[in-house]
Amino acid sequence: MLELSINEPDELVKVAHALSSHTRLNIIKLLLNHNNINVNEIGEKLQIPMSTAGVNVRVLEEAGLIQTEILPASRGAMKVCKRNFDDVRFILNPIAGYKNKDQSYEIEMPIGHFFDFEVYPTCGMANSDAMLIIEDDPSTFFFPECRTAEIIWFRQGWIEYRFPKAIPQKHHLKSIEFSLEICSEAPNFKNDWPSDITIWINNVEIGNWTSPGDFGDHRGKNNPAWWEDSSTQYGLLKTFRVDNHRSTVDNEKISDVILKDLQLSSFPYISLKVGVKPDAVNKGGINIFGRGFGDHKQDIIMKIHYDTIADK
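For the sequence shown, the positions run 1 to 312 when this note's numbering is used.
What the hints contain is simulated information worked out from the structure, not anything from laboratory work.
Relax, there's no trap hidden among the hints.
Dumping the calculated DSS-like pairs for lysine-lysine here, alpha-carbon to alpha-carbon at most 25 Å:
id, residue 1, residue 2
1, Lys-45, Lys-79
2, Lys-82, Lys-303
3, Lys-303, Lys-14
4, Lys-297, Lys-79
5, Lys-190, Lys-297
6, Lys-297, Lys-82
7, Lys-190, Lys-277
8, Lys-29, Lys-82
9, Lys-45, Lys-82
10, Lys-221, Lys-190
11, Lys-165, Lys-238
12, Lys-190, Lys-79
13, Lys-221, Lys-82
14, Lys-238, Lys-79
15, Lys-190, Lys-238
16, Lys-14, Lys-29
Label-pair restraints from in silico Cβ distances:
id, residue 1, residue 2, range
17, Glu-62, Glu-108, 21 to 31 Å
18, Glu-108, Val-204, 15 to 25 Å
19, Arg-58, Asp-116, 36 to 46 Å
20, Asn-40, Asn-188, 22 to 32 Å
21, Phe-90, Leu-46, 20 to 30 Å
Glycine included, every Cβ here is placed at the ideal spot set by N, Cα and C.
The task is simple: from the sequences and hints, build the whole structure.
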């Protein structure tokens, strides 16, 4: 749920404006029933020009009510839309000292700072200056220079990160999410190359996402000049989330795993494992992008949402 107070006037006005149009409300209503729909389909279903659909999608995106991503299509690319929230709440009572009780803790982990791994060729990594290790030799993942990696790839196996768990004692946990740019791994690149990528949190499998390909139809926005055009160029930014009801990827349910299944209180850290299982239907590998590669200038972001429990 998105909660905004009158004490946050800029954000409240932005969201209120986004909701003040019948066209935009119809788009949100459409996304409730058809998540992952592109702008052309929105125009067709609502019987409005594609340009009108595009303008209104942009307003909703800027307000944070939906998210979009560019995916390869048979002819060029398409912008796919997904909703971010099920509910929006406006608090119009100007309470002195009001602060949204929904708090969050966020940390960004460089992709080279992995804790453990079990990977199989093809595999490798690079930073913004050069290739870091001998390609297709998993033993070289132990070299200390791997901590500077900004792109990592492997065909099968997993890589694990451990995040600090800095959450206040008096809290009620609402959700935990991980955001990262990923895609499949093919020789050079291949847009049509599916791969079943699995996510584990604290060694609990929360579900799979099938990457449609290893993308190279345009050059990654953040790729260094030395990176060849014939290599993997970019991935898709995916957000894996576990709350008290389900596990999702970009708000689409992938399993019934919930927060209590993760036993977060039993560990001094939070473990994230990303990989491709040996029994995956589509063993198409994985590329993980850091700040210096791909289309999104970020590493792996963990965000925890919680309510602060007031003293009685």
